[in-house]
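Asker: The chain contents come next:
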Amino acid sequence: MMVLLHMTCSLLSYVAFLIAFLAGLLFLIQERQLKHKHMGVLFHRLPALRTLDRLNFIAIGMGFCLLSLGVVFGVWGARALLGDWWRWDPKETLTLALWGSYLVLWLVRLRATLRGRKVALLSVLGFTLVLFTFLGVSRWLPTWHAYL
Amino acid sequence: MHIVLVGANHRSCPIEIRERLAFRTEQLAAAYVSLQEDLGLSEALILSTCNRVEIYASTPLLDGTISRLSSFLSHHGGVQQDHLLPRLYTYTEPDSVQHLFAVASGLDSMVLGEAEILHQVKHAYELARLHGTTGKVLNVLFQKALNAGKTVRANTAIGHGCVSVGTVAIELAQKIFGDLRPYTVLLVGAGKIGELTLKRLAARGVSKVRIVNRSQGRAQELAALYGGTAYGLASLDLQLLDADIVITSTACPSFLVSRPQLVSLMPQRRLRPLCLIDLGVPRNIDPASGELENVYLFDIDDLQGLVDHHHEQRRQAVCESQAILEEKVNRFLAWWNKEHDQCARSPLAPVAVP
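Protein chains in written order, with this note's numbering: chain P, 445 to 592; chain B, -18 to 335.
No wet-lab data here; the hints were simulated from the structure. Just so it is clear, the structure is predicted and the values come from calculations on it, not from any experiment. By construction, the Cβ of each residue, glycine as well, lies at the ideal position given by its N, Cα and C atoms. A few of these clues could be false.
[Said to hold, decoys possible] What follows is a set of in silico ranges between Cβ atoms, one per label pair, in the way DEER data are often shown:
1) B:197 <-> P:473: 38 to 46 Å
2) B:197 <-> P:509: 37 to 45 Å
3) P:575 <-> B:219: 45 to 53 Å
4) P:473 <-> B:296: 24 to 32 Å
5) B:245 <-> P:473: 23 to 31 Å
6) P:557 <-> B:6: 56 to 64 Å
7) P:545 <-> B:124: 58 to 66 Å
8) B:206 <-> P:452: 29 to 37 Å
9) B:219 <-> P:445: 54 to 62 Å
10) B:249 <-> P:547: 23 to 31 Å
11) B:100 <-> P:509: 42 to 50 Å
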């Protein structure tokens, strides 16, 4: 049960981070067009910057909450199944780094230390860490957490 | 049967004559009675807008219909026939059909691709139906023309992009903020375009309006007009903290808003996006301000450049629009031929819309 909850929450968090990535990407495209005063093909079709910014912020927040739940359920499940709370496995470590990155991103956006373009850029970059954590670790690093 | 058109537009006729030819809504009833009883037309429709006055009619025989319609317009506008005739255009089918379809699509408008004409054609058709002056031919003709207009607008870029500086500025603000109603607009100065842009914003539901002007009296005048609050120039910094959209329109020779000023203001604004529209010549806002994060600056050249770009996009959409219209005109003519070609007249060949 814990493992199922862990998987579900983790996967849903990745979906949320994907949404944040897409919103960030579209924000960067739209923002560039406005800054350069060049209205390309996508200009009329893209939502307003504020909409994309809000979507990005909400998606980061939801992704972070879901990832937190996923980590909690995962730790609990590992204790029940393997007897260890945490093994500092590469997958676990990277997930912790991912969790920390999105926590920082969400906080700096909440406090408006950063806003707009920088947050969008970090969301796009953050998703590369998501991809590596989700797909790359199992292929390239030794981990007991491999499932692909 | 024939489909006849007699009319004048912004290209054929100057405003001094056009305004005399125009029909007010309250004049239509008498005009339609006259068209039916005096000219013997069972089907007629008057399209009267600020840029054109046109009468469409369906008649069994041409038999002087065009000259009677020209006299009708001459009499209505109080313009001498010999003065009016060179400024009128007259068409019969298929040109009358092609013309109407092009008009409904915005291809014949002063501003290419404008949307208003479609509503005006629809309104004119509804009024004619109300007065009982449309029959089978004009009903089908105008329904098909309205459909053609909607199709062209939906499937081409003919209506895309704003084509005035004021509307482009609003479009840009909307691209940043989306719905503008919750946001605060600050107008600095009392220039005409600035006021017009503010008027358009107010029309879109923007209610938080602040006016800053050197002359308090003028600021209060504008504030009263647009439901805003007036402030003196000394409070500009304070107003920049709250405003989301700033429109400057002054003749001030030096920058009213500078980059260093915004560098210190933006953190106080919690980095909320700021849209600056500088309509002043010389410029009122330091161009380097546009380099700052979350600050979007557009000067008059930027806005005009976008207007020109949109005009060019619309021009490029004309060929595509004409292809759609050609197909629709031919479809109407096929119906019309089927309805009315029995023996006396040869069918009309399909046409290529020029």
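Asker: All hints are to be evaluated individually against the structure, with a verdict given for each.
Answerer: Hints versus structure:
no., hint, in the structure
1, B:197 <-> P:473: 38 to 46 Å, "44 Å, holds"
2, B:197 <-> P:509: 37 to 45 Å, "52 Å, violated"
3, P:575 <-> B:219: 45 to 53 Å, "47 Å, holds"
4, P:473 <-> B:296: 24 to 32 Å, "26 Å, holds"
5, B:245 <-> P:473: 23 to 31 Å, "30 Å, holds"
6, P:557 <-> B:6: 56 to 64 Å, "59 Å, holds"
7, P:545 <-> B:124: 58 to 66 Å, "60 Å, holds"
8, B:206 <-> P:452: 29 to 37 Å, "58 Å, violated"
9, B:219 <-> P:445: 54 to 62 Å, "58 Å, holds"
10, B:249 <-> P:547: 23 to 31 Å, "26 Å, holds"
11, B:100 <-> P:509: 42 to 50 Å, "48 Å, holds"
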